[in-house]
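Make a model of the complete structure from these sequences and hints.
First to last, the sequence lines map onto chains H and V.
In this text, residue positions in the first sequence follow the numbering used here: the first is 969, and each later residue adds one.
In this text, residue positions in the second sequence follow the numbering used here: the first is 222, and each later residue adds one.
Some hints could be false.
Listed next, with one range per pair, are the computed distances between beta-carbon atoms [what the hints assert, rightly or not]:
1) V:F352 to H:L1077: 38 to 46 angstroms
2) H:P1081 to V:G419: 38 to 46 angstroms
3) V:I252 to H:Q1014: 45 to 53 angstroms
4) H:W1086 to V:I252: 31 to 39 angstroms
5) H:W1089 to V:K416: 20 to 28 angstroms
6) V:K416 to H:R1203: 58 to 66 angstroms
7) H:P1062 to V:A441: 26 to 34 angstroms
8) H:R1195 to V:E340: 55 to 63 angstroms
9) H:Y1012 to V:I252: 53 to 61 angstroms
10) H:Y1012 to V:L339: 54 to 62 angstroms
11) H:A1194 to V:L339: 57 to 65 angstroms
12) V:L282 to H:R1195: 36 to 44 angstroms
13) H:Q1014 to V:W244: 53 to 61 angstroms
14) V:G419 to H:W1089: 17 to 25 angstroms
By construction, these hints were calculated from the structure, which means they are not laboratory data.
All C-beta atoms in this analysis are idealised placements derived from N, C-alpha and C, irrespective of residue type, glycine included.
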Amino acid sequence: MMFLANPVRFLRLADTLLPWFRWGALLALALGLYFGLFASPPDYQQGDTVRIMYVHVPAATMGEGVFVFMAIASIVALVWKHPLADLAAKAAAPIGAGFTALALVTGSLWGEPMWGTWWVWDARLTSVLVQFFLYLGYMALWQAFEDPAKAAKASSILAIVGVINVPIIKFSVDWWNTLHQPSSIFRSGGPSIDASMLVPFFIMMIAYALYFGWIFLWRLKAEVLARRVQTRRLRMMEA
Amino acid sequence: MSLVLTLIKRDLVLALRHGGSAWLPLGFFVIVSTVFGFSIGPDTALLGRLAPGLIWVAALLAVLISLDRMFQGDFEDGTLDLLRLSPMPLGNVVMAKIAAHWLSTGLPLIVATPLLALELSLPAHAFPILFLSLIIGTPSFSLIGAIGAALTVSLRRGGLIIPLLILPLYIPILIFGVSAVDAVLAGMSPWPHIKLLGATFLMAAVLGPVAGTAALKMAAD
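And the structure:
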């Protein structure tokens, strides 16, 4: 972590890692979509609709994961004053919001044929929607301040407070027995679905994670460079 | 402790005497609930069914519109800087502010609630639980609201961004509060919901002052 406190070192590392993440993500996405959409069996109850799940579940998991990542980065930013941590949280937010939006939209598309409704006020759906709003609030708070240092601190506090919603999402299906089904992959006692469906799941999971790494490094690099441009501009005004 | 009480008393006196700002959220609460009555129409059975949700939303909005002033006045005229220099820890100041905010907005709302419940034809046997849920829920609104108020204290358009930050965190309180009253209407036990409402209050009591203090320190730097 402290190794990356030097932006030059970070930029060099990002440039080395970016092609790996980019091609890895594209490859895994192509493989995952092939397995998910063509080379896996339809569900005995859901039919081909089950294929939406290969897009939906990783998106929802990543939506939660990115928020936890932002909260950890915010703690690092506040406690150790790490120069890249608050930028990392800022760079991750729109990607996480995108994942969450994708999970909501695909969930809705799946819900219409399966539950017979686009939307229900079920605990899981509601808490994911809350998470989406928290992402929006976080991004709006970054925009609201003129001083980037203040914006960084205020947003960090909000991210740490907002992460409280993640365990609520995770356990909402166990605490409230409503429409959304409980977890079938990440559960104690092993996954309850067949290997032919697990394979595309895991490839898609990896694809989403690599995609996040790719876009995240790209955005963080842009943030670092933008900060550098700003410093240089200030220095030129002084000169 | 006496300093905290002094601060609460000062804030209450200011709220009561300063242009009647303590009465504004209350007036808002009453008018919004009345407007609901007009919009839904005179069907008493329907109104009674919707009353818990309507009263809770009206209370939430009334608290929300009063949040931006929680720290802003003191921030603008420099009182907050003096309070930071005083021997009292800033956390105590924040807690005093939260207490004063609840006493000047949440409490009047609760006192006015029976009137609105009658107006919206809520069945009388649901009154006690509606009362209880608001007594536990509105302090949570003030506690969590302190985070939003402190985060945006240095922003001129802070009032517009607070709802975006705070409303997502209010949703659990709203759900448990309304569910408790709905349970009574459906002839079931409200206590599971009341207990969850109590749990959210305890969580807000820990989180609100701590995060609010951190945010306030940041704003004053």
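Cross-check of the supplied hints:
no.: 1; hint: V:F352 to H:L1077: 38 to 46 angstroms; result: holds, 43 angstroms
no.: 2; hint: H:P1081 to V:G419: 38 to 46 angstroms; result: holds, 40 angstroms
no.: 3; hint: V:I252 to H:Q1014: 45 to 53 angstroms; result: holds, 49 angstroms
no.: 4; hint: H:W1086 to V:I252: 31 to 39 angstroms; result: holds, 34 angstroms
no.: 5; hint: H:W1089 to V:K416: 20 to 28 angstroms; result: holds, 21 angstroms
no.: 6; hint: V:K416 to H:R1203: 58 to 66 angstroms; result: holds, 59 angstroms
no.: 7; hint: H:P1062 to V:A441: 26 to 34 angstroms; result: holds, 30 angstroms
no.: 8; hint: H:R1195 to V:E340: 55 to 63 angstroms; result: holds, 56 angstroms
no.: 9; hint: H:Y1012 to V:I252: 53 to 61 angstroms; result: holds, 56 angstroms
no.: 10; hint: H:Y1012 to V:L339: 54 to 62 angstroms; result: holds, 55 angstroms
no.: 11; hint: H:A1194 to V:L339: 57 to 65 angstroms; result: holds, 58 angstroms
no.: 12; hint: V:L282 to H:R1195: 36 to 44 angstroms; result: holds, 39 angstroms
no.: 13; hint: H:Q1014 to V:W244: 53 to 61 angstroms; result: holds, 57 angstroms
no.: 14; hint: V:G419 to H:W1089: 17 to 25 angstroms; result: holds, 23 angstroms
The structure agrees with every numbered hint stated previously.
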